[in-house]
Every structure is written in C-alpha cells, then in structure tokens.
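J.: Chain order of the listed sequences is A and B.
Using the numbering used here, read the first sequence as starting at 79 and increasing by one per residue.
Using the numbering used here, read the second sequence as starting at 79 and increasing by one per residue.
To be clear, the hints were calculated from the coordinates, so they are not data collected in a lab.
Computed from a predicted structure; not experimentally measured.
Straight-line distance between alpha carbons at most 27 Å, and here's what the computed DSSO-like set of lysine-lysine pairs gives:
#: 1; chain 1: B; residue 1: 121; chain 2: B; residue 2: 191
#: 2; chain 1: B; residue 1: 182; chain 2: B; residue 2: 121
#: 3; chain 1: B; residue 1: 221; chain 2: A; residue 2: 182
#: 4; chain 1: B; residue 1: 221; chain 2: A; residue 2: 121
#: 5; chain 1: B; residue 1: 190; chain 2: A; residue 2: 221
#: 6; chain 1: B; residue 1: 146; chain 2: B; residue 2: 175
#: 7; chain 1: A; residue 1: 121; chain 2: A; residue 2: 221
#: 8; chain 1: B; residue 1: 191; chain 2: B; residue 2: 174
#: 9; chain 1: B; residue 1: 112; chain 2: A; residue 2: 112
#: 10; chain 1: A; residue 1: 191; chain 2: A; residue 2: 174
#: 11; chain 1: A; residue 1: 221; chain 2: B; residue 2: 221
#: 12; chain 1: A; residue 1: 182; chain 2: B; residue 2: 182
#: 13; chain 1: B; residue 1: 221; chain 2: A; residue 2: 190
#: 14; chain 1: A; residue 1: 190; chain 2: A; residue 2: 121
#: 15; chain 1: A; residue 1: 221; chain 2: B; residue 2: 121
#: 16; chain 1: A; residue 1: 191; chain 2: A; residue 2: 121
#: 17; chain 1: B; residue 1: 182; chain 2: A; residue 2: 221
#: 18; chain 1: A; residue 1: 191; chain 2: A; residue 2: 112
2 protein chains.
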Amino acid sequence: MQQERRILVAVDESQESMHALSWCLSNLFPQNTKNTLILLYVKPPPVCSSYDATGYLFGGDVIETMEKYSRELANSVMARAETVYTDFNTNIEVEKKVGSGDAKEVICAAVKKLGADVLVMGSHDYGFFKRTLLGSVSDHCSKHVRCPVVVVKRPKDV
Amino acid sequence: MQQERRILVAVDESQESMHALSWCLSNLFPQNTKNTLILLYVKPPPVCSSYDATGYLFGGDVIETMEKYSRELANSVMARAETVYTDFNTNIEVEKKVGSGDAKEVICAAVKKLGADVLVMGSHDYGFFKRTLLGSVSDHCSKHVRCPVVVVKRPKDV
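Here chain A stands alone, though its shape is the one from the complex:
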C-alpha cells in the first residue's frame, strides 16, 4: 500500500540535524520500506574575493586551507549521518549530495531537482533575537518548497 518515497534530510554539523535524521528513520522508514534517503549537506559558498572584511589580502594558502576545511567538514557530517542510518537499517537506499551556497536556497532547489517527496530538517531552538537576526532556514524552506516539510527539534533532555 505504501508508495515509494524520496525523503530528503538536510544535514549539517549540528546535533539537531542528526536528531532529525534519526526521527526520520524511525518514523518515515517503516519496515520493508522502499523509500530512498537523500542526505544533503550544504557547504558555505566558496570564497569569491581574496580580501577579508578588513581589506587584507588573503593568500592562496589561506583560501586553500579554508576550502580543505570545508571539504573535511562535509565528509565528517556525511560519516556521522552514515553511522546513524547504518545503526538503524543497513538496507536503506541512500543518495548523498553536497551542495554549496546559501543553505536555504540550495535546499529548496535540491528538493525540486531531486524530486523529493518530503523534506526533513532539524531546528535550532534559537531565542527571538537570534532567530530574527539569523533568519531561519526551516522557516524559509517551509514557505518555498511544495512538498511536506518536517521540522524536528532536539528534545530538551538530550
């Protein structure tokens, strides 16, 4: 009866996103599921200018170091996610994608491009001021994608 669904989970280095992945596996991957898990990690946009905010020129080695760090962070997040889904069930079909740019724009575009049926995201439980300053990726995505969006907060006791 259950249709096969493509479920996109936006992961980052936060505990919240790993909790969202875990919730997703427990709730949207029933036994004998043929659903596909798409893991999406969004790296910050590459450094376009060689100047930092104070006008100093970045050396090529600084830019290279930053990009290396960004790649390593992506690998580390994906490895952590792999531990979560392998613990849950080793037979899940998984696609891993790494994007680059403004997280909220990249996530919305990926939902469309990859044909996701559900988007699952963790939510940082920021207070009013931080939320107003930073905006909220989950708010933006809820408004702009067509498919159902699940926002998962980390339980207080974890």
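Since the structure of chain A is already known, use the hints to place chain B on it.
T.: Relative to the frame of chain A, chain B by itself:
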C-alpha cells in the same frame, strides 16, 4: 521496532487540512501501526460582548445562531475527517477534540496537554501580503511546540 505514537492533526474546514490528514495517514501510520490519531478542531472564541464592531447590540438569538453555526461547522469538519481515516483504515485508534479560542494558542496547548509526539498541519499557500497580515498558524506552532511539526501543502494539481 516502531514505537506507539500519538499524532495530532489540526483540522479545519479547508481542503488543505484534509490533505494533511491524508498525508499523515499514508506516511505516519504504517501497516499494523498502534499509533493514535488525535483530531483537533479549534472553534473561534465564543462571542463575549453583545456589541458588534459598529456598536449595535446583538440579540440573544444572533449569538445563539452564531454558536449553533460554530457547533455545526465543528461536526461537519469531524465528519469529513472521519471519511478520510475510515477510507484509509478502520482500525486506527482515534481521539477527537474540539477546542475554542485562538487556533495557534489552542493547538500549542493541546500538543502539550494531550502528549502528542508529532503535530501535523495543512498550510494555506497564501502570498506574502496575506501571510504578513494574517500571520501563520503553522509558523507559530513550529516555533512553540517541542515535538516535530509536519507542514503539508496541498499539491498544485488538486
């Protein structure tokens, strides 16, 4: 393996909320589930003042008619929801609740009071101005409840 969950679906007279209920049944009620479906309908607050906005006194019969209409609407929404979940599976455990007041406040309070593990809501696909003027019940609830929130939009082709 699957835990038993209490899944609260906020229903109203919109097509969007019935679509959200339908999505919820297809995705969060796997076969042989022991999950409980909680249907919550929120009536507008009762008329407290006997004066309308222009200062005219409402007669008791007008107030009685408005309250009767509100009760009938609640019954009609619940009956429609019943058709949706009975079509899906007749063995689901269902609790029906009718609240009264500001929908977003009542939904958040109900999630806590009824011990819901997931909140599912439809989303009206308002444009920017209408959203800004009316605010969004789903936005408010996503921020204020602790459990995962699923926001389901009605597909464009329905």
